[in-house]
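These are the residues of each chain, in order.
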Amino acid sequence: MQIRDYIIRRLMILPILIIGTSIIVFALTRIGGSPIGIYLSHEMSPAEVQEMKERFHLDKPVPVQYFYWIKGVSQGDLGWSGVASAPVVDVFPKKFAATMELAIAAGIVAVSLGIAMGTFAGARRNKISDHIIRVVSVSGASMPLFWFAILLLIIFWVWLGWFPIGRSDPNLFEAIPHPTGFYTIDALLAGNFSAFRDAIWHLILPAVALGYGATAIIARMMRSSLIEELQEDYVDAAKAKGLAERVVLKKHARRNALVPTVTVIGLTFGFLLQGTVVAEIIFRWPGLGRWMASAVLRGDQATIMTYVMFTSILFLFVNLVVDIIYAYLDRRVVLGD
Amino acid sequence: MRNILIVAYSILLGLFLTVGVNAQTIKNPGVLVHAADDEATTLDPAQVEAGEGGETVILQVYDRLLEFGPSGPELIPGLATTVPSVENGMISDDGMTYTFKIRKGAVFHDGTDVTAEDVKFSWDRIVEMDLPEGQAGVISDIVSETKVVDDYTFQVILLEPSASFLNSTVVSMAASIVSKDAVMANGGVVEGEPNEYMAQNAVGSGPYKLKAWNRGENILLDINENYWGNKAKLAARIEIGAEPDVRVLGLRAGNYDTIETDPSFVADIEGADGVTLHTGGLLLEPIHVGFNLNIPNGALPKEDTIPTDFFHDPRIRQAFNYAFDYEAFLMGPLAGFGEFNPHYLPIGIFGHDPDAPRYGAQDKAKAEALFREAGYWDNGFSVSVITEEANLFADAALVLKDSIEGLNPNFRINVLAVAEAVFDEAHAQNPVEYAMWVKNADPFADPHPYMSAYQHPDGEWGEVHGFANGYRNPEKIAELIDGASTELDVKKRAAMYSELQKMLFDDPMWLITAQEGVTMAYREWVTGFVHNPLWPRPSLRFSYLGK
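Chains as they are written, first to last, in this note's numbering: chain A, 171 to 507; chain B, 117 to 663.
Hints in this document: simulated from the structure, not taken from any laboratory. Bear in mind the structure is a predicted one, so any value in this text is a computation, not a measurement. All residues carry an ideal CB built from backbone N, CA and C; glycine is no exception. Mixed in with the good hints there might be a few duds.
As the list claims (entries may be wrong) - Calculated lysine to aspartate or glutamate pairs in the DMTMM-like style (CA-CA distance at most 20 Å, straight line):
no.: 1; chain 1: B; residue 1: 263; chain 2: B; residue 2: 229
no.: 2; chain 1: A; residue 1: 223; chain 2: B; residue 2: 309
no.: 3; chain 1: B; residue 1: 327; chain 2: A; residue 2: 339
no.: 4; chain 1: B; residue 1: 327; chain 2: A; residue 2: 344
no.: 5; chain 1: B; residue 1: 482; chain 2: B; residue 2: 441
no.: 6; chain 1: A; residue 1: 421; chain 2: A; residue 2: 402
no.: 7; chain 1: B; residue 1: 143; chain 2: A; residue 2: 339
no.: 8; chain 1: A; residue 1: 223; chain 2: B; residue 2: 246
no.: 9; chain 1: A; residue 1: 223; chain 2: B; residue 2: 307
no.: 10; chain 1: A; residue 1: 223; chain 2: B; residue 2: 536
no.: 11; chain 1: A; residue 1: 223; chain 2: B; residue 2: 312
no.: 12; chain 1: B; residue 1: 608; chain 2: B; residue 2: 386
no.: 13; chain 1: B; residue 1: 327; chain 2: A; residue 2: 260
no.: 14; chain 1: A; residue 1: 223; chain 2: B; residue 2: 549
no.: 15; chain 1: B; residue 1: 220; chain 2: B; residue 2: 297
Unchecked claim - Residues on chain B that point at chain A, a partial pick, calculated with CB under 10 Å:
no.: 16; residue: 154
no.: 17; residue: 333
no.: 18; residue: 343
no.: 19; residue: 346
no.: 20; residue: 349
no.: 21; residue: 540
no.: 22; residue: 544
no.: 23; residue: 545
no.: 24; residue: 579
Unchecked claim - Listing some non-contacts, in silico: residues in chain B with all C-beta distances to chain A over 10 Å:
no.: 25; residue: 157
no.: 26; residue: 221
no.: 27; residue: 347
no.: 28; residue: 378
no.: 29; residue: 379
no.: 30; residue: 430
no.: 31; residue: 455
no.: 32; residue: 464
no.: 33; residue: 474
no.: 34; residue: 532
no.: 35; residue: 533
no.: 36; residue: 543
no.: 37; residue: 636
Make the full structure from the sequences, and use the hints.
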């Protein structure tokens, strides 16, 4: 089988996998009970409850409900989010952008600080600065995110008043269009520096809180890799050739030490995305994590379905890409050996 | 790399130094920042449920014909220029026809004039849409016909004389006046279907205009510069969904001017620098335990051993009322902020008789005697009570459990504390499949809605819970409630409610755990603070406040 045929075959299987996943996810959400509760209030009469069930097709058997759901999805209607009081399709892109913006900002904090701290400590092994950085790293890896986040909130928002919480100054946020949903990018596109500064300012506390744990992991990895590299023969050779310590460290040892660190950085991004739930709740960040936590607590099944399907489809595509890469690297995969 | 980092962190440090503020200065000048508990569901008066977050916004951006004034239940003119009365000729002698003169010069936020046609349209619209989540019954249960007499005269003809029409229907958020032009240009009126435009926008004539609703984040209100009355002093921003602890921290830091709170946070707020705790008055939402007299066969949780007619016996209901440890609930979860409440008419509401016999103190001896008389003392029973988790209602359920189980080791109360959506679904069933549940009432300004919804054998809960199965004299109770609702003589009406209170003491259908006290917190720099429990939560009209 050619690689092209293999890809086509995999692409043809993909819709079946997506539909299969959607059936499983839909059935699982219904096992927890009918989603009608999110739309009800205790003032409603039985007739009004029935009307609400009819409005959302919840008076029908579960397979028929699934049919209505899939029909809606095919028409771009993902249902009504009781938590957000709006159609899911309107809310999801905004929440997704907010979460990605926070995760990326936390990633920038983690990578820039982690590599700098790791390099600094590795180059000064067993000196006082190394010990300090190790303490900082260990504390970052061991402190629960919720505790550290609340600590930052109390110090910098309550006591000092230096940083805000939430995502934006609403007046600045409202003053610019939001074509991408990323406040920083939209502010730059609009050429509004005040809005850009506001976006950065609101990102600092949640990004630092979220990024600190990852910073610790990256710094420790970078430090140990660098120490190993500095013990390699090529480092001695470079020094013997008369290269300055700084050049040996930066141009040779650090570059090689980055290879295992980059692998860790890739894995860390998943950790950051998980952590957004806690950071968003504490810092009132209007992202997917906070929305989803409320949806789970209040039984907002339209929102839960969308989120679970989104992550499932994302994983299906990532798996597809990985399999295709494997196929390129190892032809036995394509041939089915 | 190093250079980039140095530049980046230098920029951050620079920003850090320039933006830092002095904690003692008034923060957010020109804007009132209120931290709310949760998100609004809709901003459409025809769709909003009583007590829901959308009513907070509707109160600020829409006008009604009449409003509750700042200091209690007295009515003040809104879009109507005069409060109707028999004396001023605006209520007919038979009490059936009400005439409202509409204020000239009032304009909607879209620039159109407010006329009697808009008022009629607004009232008819909610009845025509008749959304299950809305409050169409507030109008349709009481109003026979609405009429436009001329451009600025609106008339209402009732189904029967009503003592509660002005202070329960006319002031309701559902009776807010919307711009006819705006509605007709954006989806119109369709029976049984919400209007998406009106759910997410607001075209009223109130002191605030809706500027933006950023879901999960904030709702921004601009001052309506064309308002017919006293203009708001501050723009307003409602911050949505901050955790309770974050709200308290934000208030202490001065980042929020007012916050929604409950008695459990008083200890964190009391004595905080620059913060005022407002604790006067009582909420009009009794926290109650409901007794189900209409339990379907085989529906109860398997742990329950009671027969389905358990609560038909008034001695059992009385025993529960005597057994409850009122003091533990009031001094514990309510932190002392509240009052014992003798029965379903809250303290502060017309008709409340302070001399009526009351529960409100635990009396274990009487409870034991009643359980013995009813035949349950020796063999005991097990019964479940369903409630929302992690709030005052769950606390009340736990106090009930302690109280009843503390009487007799053979008694068992299973507290089912569940997610709000699960509770709402269970609670909305007819019949309800649990023997007891805990919640609170909606606030009203008139005794009739309380009596009608919570005590009448054919009322909202009377029907669901089968009160007719248990009242000693259901006909008499119905007659008194119906009679009091149409009795326009104040003294006679008060006497009828007093008699009802005596009857309902002997024949309780609820266990009223307490009437919660008001606990609102705000920054000292907020001026003109007034709080009226009859306004939708947080019971503030932002336009009165300055700083």
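**OP:** Report holds or violated for the interface hint on residue 154 (chain B), using the least CB-CB distance to chain A and a cut-off of 10 Å.
**Re:** holds (9 Å)
Original post:
Taking 10 Å as the cut and beta carbons as the points, is residue 543 (chain B) off the interface with chain A?
Top reply: violated (5 Å)
Subject >> Whether residue 636 (chain B) stays farther than 10 Å from all C-beta atoms of chain A, as the label says >> reply: The assertion about residue 636 (chain B) holds, with a minimum of 20 Å to chain A.
Original post:
Does residue 540 (chain B) meet its interface restraint, that is, does its C-beta lie within less than 10 Å of any C-beta in chain A?
Top reply: Residue 540 (chain B) check passes; min Cβ-Cβ to chain A is 5 Å, inside 10 Å.
Original post:
Taking 20 Å as the top limit, are the C-alpha atoms of residue 482 (chain B) and residue 441 (chain B) close enough?
Top reply: With a Cα-Cα distance of about 13 Å, the restraint between residue 482 (chain B) and residue 441 (chain B) holds, given a limit of 20 Å.
**OP:** Take a quick look at whether residue 223 (chain A) and residue 549 (chain B) sit within 20 Å of each other, Cα to Cα.
**Re:** holds (19 Å)
Original post:
Is it true that the CA of residue 223 (chain A) sits at most 20 Å from the CA of residue 246 (chain B)?
Top reply: holds (15 Å)
Original post:
Is the Cα-Cα distance between residue 327 (chain B) and residue 339 (chain A) 20 Å or less?
Top reply: holds (14 Å)
Original post:
Measuring from the C-beta of residue 349 (chain B) to each C-beta in chain A, is the shortest one below 10 Å?
Top reply: Violated, about 18 Å.
Subject >> Distance restraint between residue 223 (chain A) and residue 307 (chain B), which requires alpha-carbon spacing of 20 Å or less >> reply: holds (16 Å)
Subject >> Non-interface label on residue 532 (chain B), tested against every C-beta of chain A at 10 Å >> reply: holds (14 Å)
**OP:** Compare the distance between the alpha carbons of residue 223 (chain A) and residue 312 (chain B) with 20 Å, and conclude whether the hinted pair is satisfied.
**Re:** holds (19 Å)
When each numbered hint is compared with the structure, violations occur for hints 12, 18, 19, 20, 25, 36.
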